[in-house]
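2 protein chains.
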Amino acid sequence: MAYELYYWPMIQGRGEFVRLVLEEAGAHYVDVARGPDGMAAMMRLMEQAEHPPFAPPFLKDGDVIIGQTAAILLYLGARHHLAPRDPAGGLWTQQIQLTLSDLVAEAHDTHHPVGVNLYYEDQKGEARRRAEDFRKSRIPKFLAWFEGILARNPAGDGHLVGPSLTYVDLSLFQVVEGLSYAFPKAMERALGDAPRVAALHKAVAERPRIRAYLKSSRRIPFNEDGIFRRYPELDG
Amino acid sequence: MAYELYYWPMIQGRGEFVRLVLEEAGAHYVDVARGPDGMAAMMRLMEQAEHPPFAPPFLKDGDVIIGQTAAILLYLGARHHLAPRDPAGGLWTQQIQLTLSDLVAEAHDTHHPVGVNLYYEDQKGEARRRAEDFRKSRIPKFLAWFEGILARNPAGDGHLVGPSLTYVDLSLFQVVEGLSYAFPKAMERALGDAPRVAALHKAVAERPRIRAYLKSSRRIPFNEDGIFRRYPELDG
Chain A
427 MAYELYYWPM IQGRGEFVRL VLEEAGAHYV DVARGPDGMA AMMRLMEQAE
477 HPPFAPPFLK DGDVIIGQTA AILLYLGARH HLAPRDPAGG LWTQQIQLTL
527 SDLVAEAHDT HHPVGVNLYY EDQKGEARRR AEDFRKSRIP KFLAWFEGIL
577 ARNPAGDGHL VGPSLTYVDL SLFQVVEGLS YAFPKAMERA LGDAPRVAAL
627 HKAVAERPRI RAYLKSSRRI PFNEDGIFRR YPELDG
Chain B
427 MAYELYYWPM IQGRGEFVRL VLEEAGAHYV DVARGPDGMA AMMRLMEQAE
477 HPPFAPPFLK DGDVIIGQTA AILLYLGARH HLAPRDPAGG LWTQQIQLTL
527 SDLVAEAHDT HHPVGVNLYY EDQKGEARRR AEDFRKSRIP KFLAWFEGIL
577 ARNPAGDGHL VGPSLTYVDL SLFQVVEGLS YAFPKAMERA LGDAPRVAAL
627 HKAVAERPRI RAYLKSSRRI PFNEDGIFRR YPELDG
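So the protein lines, in turn, are chains A and B. Quick note on the numbering used here: the first sequence kicks off at 427 and runs consecutively. Quick note on the numbering used here: the second sequence kicks off at 427 and runs consecutively.
To be clear, the hints were calculated from the coordinates, so they are not data collected in a lab. Wrong hints could be hidden among the right ones.
It does not matter which identical chain is meant; a pair holds if it fits inside one copy or across any two.
Stated by the list, open to error - Here are the simulated lysine-lysine pairs, DSS-like style, with alpha carbons at most 30 Å apart:
id : residue 1 : residue 2
1  : Lys550    : Lys641
2  : Lys562    : Lys641
3  : Lys562    : Lys628
4  : Lys550    : Lys628
5  : Lys567    : Lys550
6  : Lys562    : Lys550
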């Protein structure tokens with residue numbers, strides 16, 4: 427039976443981390459909310475499920491519904507050989523994913539520092555201040571952490587965990603994609619100081635299934651409704 | 427061998443979610459950074475560990491180092507019978523914890539909407555706007571979600587998951603504690619609409635080990651350096 431992915435149909439957003447894992451795994455899945463009546467089905471599940479997700483994305487696998495991006499990847503990683511099998515390695519992989527989640531939340535808050543219920547236009551001044559701190563302090567700090575993990579990986583610096591691809595390599599790829607879209611100037615500088623991160627990003631983009639996916643209509647283009655938004659006034 | 431918990435020594439912060447689990451479990455642990463040379467030991471591990479945590483808290487159990495609060499609780503919950511044994515139940519518990527983590531991050535950002543590297547005094551205006559959105563929209567939305575989970579729990583509304591205490595009950599207790607400290611007026615209203623959440627908070631506080639812990643010097647009082655800060659101008 428195909429997985430059902432539920433996420434806002436017009437943006438990559440947090441759903442994209444799940445899509446990349448499903449695509450790399452070659453798994454059968456339906457992106458439900460992008461199909462007919464999909465949004466209604468999504469809302470119905472959020473209201474009526476015994477285990478209701480707080481927010482999209484969530485994944486339905488038969489009777490199991492899983493919300494929270496990191497929890498979905500924990501589930502899929504184990505099923506599709508995209509995570510180490512040993513418990514300590516699995517936990518370390520999840521720890522990296524949770525740190526990526528923190529970075530994604532901070533990236534979102536650069537354009538919504540005052541609140542998700544207000545428009546960007548109503549918080550532009552605050553956004554400018556927050557984005558400056560994010561560019562100058564947070565991006566370099568996070569990238570240095572990923573660079574250090576790659577450098578210290580006893581199995582080589584081609585992957586974050588162990589000798590082969592895991593879901594956090596895919597997630598780091600997506601974060602670099604998103605930050606490079608939103609903050610092209612800042613990211614060009616930051617990636618210069620994180621060559622292993624840049625190389626991993628390039629290697630993931632060249633994987634056959636990922637390359638095919640990125641060219642397909644299944645990949646929604648970045649836009650200014652998503653998490654990563656290109657507002658030139660926030661870059662620098 | 428005792429667990430070693432590493433966290434900033436002057437605040438409850440995210441470390442408190444780990445402390446509550448260790449206390450309820452009756453586990454032996456050392457709160458390392460509160461002891462002599464503890465801060466230096468914490469910094470050393472963050473710089474030198476093969477699996478370096480991005481930020482405190484982190485837990486050391488023999489050779490294993492685990493960062494990210496939710497990952498630490500995933501680990502401890504399984505070891506101390508504070509999580510369901512079945513995989514689907516374990517994942518559901520973790521999903522709730524990740525949603526609690528999101529709420530904690532939003533609570534933090536009420537006083538630091540522009541950035542963690544600036545003082546509160548330098549972002550008071552932005553904080554006032556963000557706190558208003560948080561009080562009026564976010565707190566009620568999150569509490570309604572927890573209330574709904576309690577109401578729908580087939581094993582009864584005394585716990586979030588299954589028929590007995592899990593780590594997310596402890597975490598929800600702590601979030602209610604913290605929000606009630608930071609936003610006493612807003613929380614009094616919000617808890618009136620979430621009677622099951624209020625009852626769970628009360629029941630956790632009365633558990634013998636938790637009650638003993640809360641009275642002990644191991645419990646650091648809330649203060650204005652932590653995540654939950656009482657700034658009267660942000661409540662209302």
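Each hint, compared with the structure:
no. : hint             : result
1   : Lys550 to Lys641 : neither (33 Å within a copy, 45 Å between copies)
2   : Lys562 to Lys641 : neither (32 Å within a copy, 43 Å between copies)
3   : Lys562 to Lys628 : within (24 Å within a copy, 44 Å between copies)
4   : Lys550 to Lys628 : neither (33 Å within a copy, 42 Å between copies)
5   : Lys567 to Lys550 : both (24 Å within a copy, 25 Å between copies)
6   : Lys562 to Lys550 : both (18 Å within a copy, 21 Å between copies)
Hint violations for this structure: numbers 1, 2, 4, all remaining hints satisfied.
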